[in-house]
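Number of protein chains: 2
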Amino acid sequence: MKNVIGLDLGGTNSVLGIVDSRGSIKATTAIKTQSYTTAEAFVDAALSALNILIEQEGGIANMSAMGIGAPNGNYYSGAIEYAPNLCWAHNGVVPLAEMFSQRLGIPVALTNDANAAAIGEMTYGVARGMKNFIVLTLGTGVGSGIVLNGQLIYGHDGFAGELGHVNVVSHDGRVCGCGRQGCLEAYCSATGVARTARERLANTDKPSLLRVMNADDITSLDVAMAAQKGDKLAVEVYEFTGTMLGKACADFAAFCSPEAFIFFGGLTKAGDLIMNPIKKGFADNALTIFKGKPKFLVSGLDGASAAVLGASAIGWELANKMMTHR
Amino acid sequence: MKNVIGLDLGGTNSVLGIVDSRGSIKATTAIKTQSYTTAEAFVDAALSALNILIEQEGGIANMSAMGIGAPNGNYYSGAIEYAPNLCWAHNGVVPLAEMFSQRLGIPVALTNDANAAAIGEMTYGVARGMKNFIVLTLGTGVGSGIVLNGQLIYGHDGFAGELGHVNVVSHDGRVCGCGRQGCLEAYCSATGVARTARERLANTDKPSLLRVMNADDITSLDVAMAAQKGDKLAVEVYEFTGTMLGKACADFAAFCSPEAFIFFGGLTKAGDLIMNPIKKGFADNALTIFKGKPKFLVSGLDGASAAVLGASAIGWELANKMMTHR
Numbered sequence: 001m002k003n004v005i006g007l008d009l010g011g012t013n014s015v016l017g018i019v020d021s022r023g024s025i026k027a028t029t030a031i032k033t034q035s036y037t038t039a040e041a042f043v044d045a046a047l048s049a050l051n052i053l054i055e056q057e058g059g060i061a062n063m064s065a066m067g068i069g070a071p072n073g074n075y076y077s078g079a080i081e082y083a084p085n086l087c088w089a090h091n092g093v094v095p096l097a098e099m100f101s102q103r104l105g106i107p108v109a110l111t112n113d114a115n116a117a118a119i120g121e122m123t124y125g126v127a128r129g130m131k132n133f134i135v136l137t138l139g140t141g142v143g144s145g146i147v148l149n150g151q152l153i154y155g156h157d158g159f160a161g162e163l164g165h166v167n168v169v170s171h172d173g174r175v176c177g178c179g180r181q182g183c184l185e186a187y188c189s190a191t192g193v194a195r196t197a198r199e200r201l202a203n204t205d206k207p208s209l210l211r212v213m214n215a216d217d218i219t220s221l222d223v224a225m226a227a228q229k230g231d232k233l234a235v236e237v238y239e240f241t242g243t244m245l246g247k248a249c250a251d252f253a254a255f256c257s258p259e260a261f262i263f264f265g266g267l268t269k270a271g272d273l274i275m276n277p278i279k280k281g282f283a284d285n286a287l288t289i290f291k292g293k294p295k296f297l298v299s300g301l302d303g304a305s306a307a308v309l310g311a312s313a314i315g316w317e318l319a320n321k322m323m324t325h326r
Numbered sequence: 001m002k003n004v005i006g007l008d009l010g011g012t013n014s015v016l017g018i019v020d021s022r023g024s025i026k027a028t029t030a031i032k033t034q035s036y037t038t039a040e041a042f043v044d045a046a047l048s049a050l051n052i053l054i055e056q057e058g059g060i061a062n063m064s065a066m067g068i069g070a071p072n073g074n075y076y077s078g079a080i081e082y083a084p085n086l087c088w089a090h091n092g093v094v095p096l097a098e099m100f101s102q103r104l105g106i107p108v109a110l111t112n113d114a115n116a117a118a119i120g121e122m123t124y125g126v127a128r129g130m131k132n133f134i135v136l137t138l139g140t141g142v143g144s145g146i147v148l149n150g151q152l153i154y155g156h157d158g159f160a161g162e163l164g165h166v167n168v169v170s171h172d173g174r175v176c177g178c179g180r181q182g183c184l185e186a187y188c189s190a191t192g193v194a195r196t197a198r199e200r201l202a203n204t205d206k207p208s209l210l211r212v213m214n215a216d217d218i219t220s221l222d223v224a225m226a227a228q229k230g231d232k233l234a235v236e237v238y239e240f241t242g243t244m245l246g247k248a249c250a251d252f253a254a255f256c257s258p259e260a261f262i263f264f265g266g267l268t269k270a271g272d273l274i275m276n277p278i279k280k281g282f283a284d285n286a287l288t289i290f291k292g293k294p295k296f297l298v299s300g301l302d303g304a305s306a307a308v309l310g311a312s313a314i315g316w317e318l319a320n321k322m323m324t325h326r
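Protein chains in written order, with the numbering used here: chain A, 1 to 326; chain B, 1 to 326.
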């Protein structure tokens, strides 16, 4: 088996890696995503950095495909479509898969970062052997990748799996970054955790270690650290967040009855502080037939390399498809 | 092509039919579902009625498979599992597919009625050619059948597609038949429509044609008829119901971005009275990327025969699978 190239295109850094068929990252490099004003300039810079790695690893003949995980990435079109947080792609459609494919001469697949994480879990992580599972990425926002019958769900237009934007508070919910109210992401992202903490600090006079901080500077990590020291208010913030996630998972089970929910990203670092309320929130809210059935797992991929592995897994999927069709 | 046998097992009537490959029902018969105290007695009675049809249509050699749509039907196990409304199956697991298969000597597949409706729409109805769609059955309850990547979604345990039991009112919602609060079914079923009408009659003094009726006797059909006569309160009941369904569809789109939502069952008889608020509820609540995309369709299957056609379609699916594997 040859290697594949993975590109994890993030809002700040774009990490490029060469990954072998066992999921070992053989080499990585990174560029700043937003130091370029056009998509062409970004691709030029990425290829300059990447070509050094490719030469190290036996040349392009030794690479069978490339996979890209990117915000607002559409698998069907291979393009980044109107990504609000990317200065060279916020205003249109950038056919990034085609641009890399033309320059490298190998097939390139692209999807959004949460879908890449799901394929990554199935290829290298805790979802190996599973046919029905949901990955929820709990970072700055809440993303999701859904695998059913062993296939990633892209939907009719490539945009399936926006579980961060299901409604969880039906009346007078928080305003979300998407402009609507009451979305899961407004509560259960890192940003949502910090907001819940700030609200509780402002609306109660409970003592808390967090009170020494400037409210605007509080992050989800600060809340987790305070909770781990036994801070009651901070523990309650994670209980609230996890319960809401578990309740949302009860609805997701009604949709597709998955074998497992897999949590990925920054908030999972809080460990049992968030995982226990998630399980309880599910048990308290799921339809009887689903109770006790799904597993609640934390990602099995190493944080630092997970995104590149996920992107590379999209490349492997493409490489395998091309082999089957030959 | 041979024929298939379809069995639509309902709470009151069980309709048996023989269906050819073009979707023509060649013969039907029916028995009362609950006139029997055991599953064995039900199967005996169904076979007595069915055998007459089978002989008329060229004997069992002319039947390639049987499909059954039944409440709490599990495709994986071929069994009806703890169906609360069936006197001979409320208390355990009835392996109905196996029971019919042993007696008839042909393969038998079983699923729940909403899944059968979805396969029916894909085989004979408005979903022909579609790969990603959701059927919502709006009857006494709310059921659903979900098709993604051209496959019915059964989930890990066979119980996927319980969209009647997603939460739509997050605080202090109506108690649902399942024992939980705020389920879609508690609002958007025929029962839910009647309940909304009763609540509005009791809580307002708006004039309404419905006030001449005994509140307990009001059905969704009475509300639809009043609305068609221009009764404002009745129109508002359908607006409330449709808006809530449309809002729920916005969440379902975030899950799987389907090409179409297809509505099936009694409430669809209200026509534009419910379909227009559904479309508006979706447009007002969907994430921008989904707006204007999915179609909102009423079932293309004739009401009287739809359920038997749906059940037969499960039989065709099985027959085709067996041919492929030969």
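The hints are simulated quantities; they were obtained by calculation from the structure and are not laboratory data.
Incorrect hints may appear among the rest.
As the list claims (entries may be wrong) - With a straight-line Cα cutoff of 30 angstroms, these simulated DSS-like cross-link-like pairs (lysine-lysine) come out: (1) B:Lys131 x B:Lys291; (2) B:Lys279 x A:Lys131; (3) B:Lys247 x A:Lys293; (4) A:Lys247 x B:Lys295; (5) A:Lys247 x B:Lys321; (6) A:Lys247 x A:Lys232; (7) A:Lys279 x A:Lys247; (8) A:Lys269 x A:Lys293; (9) A:Lys295 x B:Lys131; (10) A:Lys131 x B:Lys229.
Unchecked claim - Quick partial rundown of chain A residues pointing at chain B, CB under 10 angstroms, derived from the structure: (11) Tyr36; (12) Thr38; (13) Gly161; (14) Val169; (15) Ser170; (16) Gly173; (17) Cys178; (18) Phe252.
For every residue, glycine included, the Cβ atom is placed at its ideal position computed from N, Cα and C.
Inset, instruction - Using 10 angstroms as the Cβ threshold, decide whether A:Tyr36 counts as touching chain B. - result: 25 angstroms, violated
Inset, instruction - For the pair we were handed, A:Lys247 and B:Lys321, check the Cα-Cα distance against 30 angstroms. - result: 37 angstroms, violated
Inset, instruction - For the pair supplied as a hint, A:Lys131 and B:Lys229, confirm whether the alpha-carbon distance does not exceed 30 angstroms. - result: Since the Cα atoms of A:Lys131 and B:Lys229 sit roughly 51 angstroms apart, the hinted pair is violated (cutoff 30 angstroms).
Inset, instruction - Starting from A:Lys247, check that the Cα of B:Lys295 is at most 30 angstroms away, please. - result: Holds - the C-alpha atoms of B:Lys295 and A:Lys247 are around 29 angstroms apart, at most 30 angstroms.
Legend entry - Given pair status - A:Lys293, B:Lys247, alpha carbons within 30 angstroms: Distance ~28 angstroms between B:Lys247 and A:Lys293 Cα, so the pair holds.
Legend entry - Hint validity - A:Gly161 Cβ closer than 10 angstroms to any chain B Cβ: 7 angstroms, holds
Inset, instruction - Compare the distance between the alpha carbons of B:Lys131 and B:Lys291 with 30 angstroms, and conclude whether the hinted pair is satisfied. - result: 19 angstroms, holds
Inset, instruction - Measure nothing beyond the straight line between the CA atoms of A:Lys279 and A:Lys247; if it is 30 angstroms or shorter, mark the hint as holding. - result: 9 angstroms, holds
Inset, instruction - Decide if the proposed pair is consistent with the structure: A:Lys247 and A:Lys232, CA atoms, cutoff 30 angstroms inclusive. - result: 22 angstroms, holds
Legend entry - Cut-off 10 angstroms, beta-carbon criterion: hint that A:Ser170 touches chain B: This interface hint holds because 5 angstroms falls under the 10 angstroms limit.
Legend entry - Given hint A:Cys178 near chain B, where the shortest CB pair must fall under 10 angstroms: Holds: closest Cβ of chain B sits about 6 angstroms from A:Cys178, inside 10 angstroms.
Inset, instruction - Decide if the proposed pair is consistent with the structure: A:Lys295 and B:Lys131, CA atoms, cutoff 30 angstroms inclusive. - result: With Cα atoms ~29 angstroms apart, A:Lys295 and B:Lys131 stay inside 30 angstroms; holds.
Of the numbered hints stated above, those contradicted by the structure are hints 2, 5, 10, 11 and 12, listed in ascending order.
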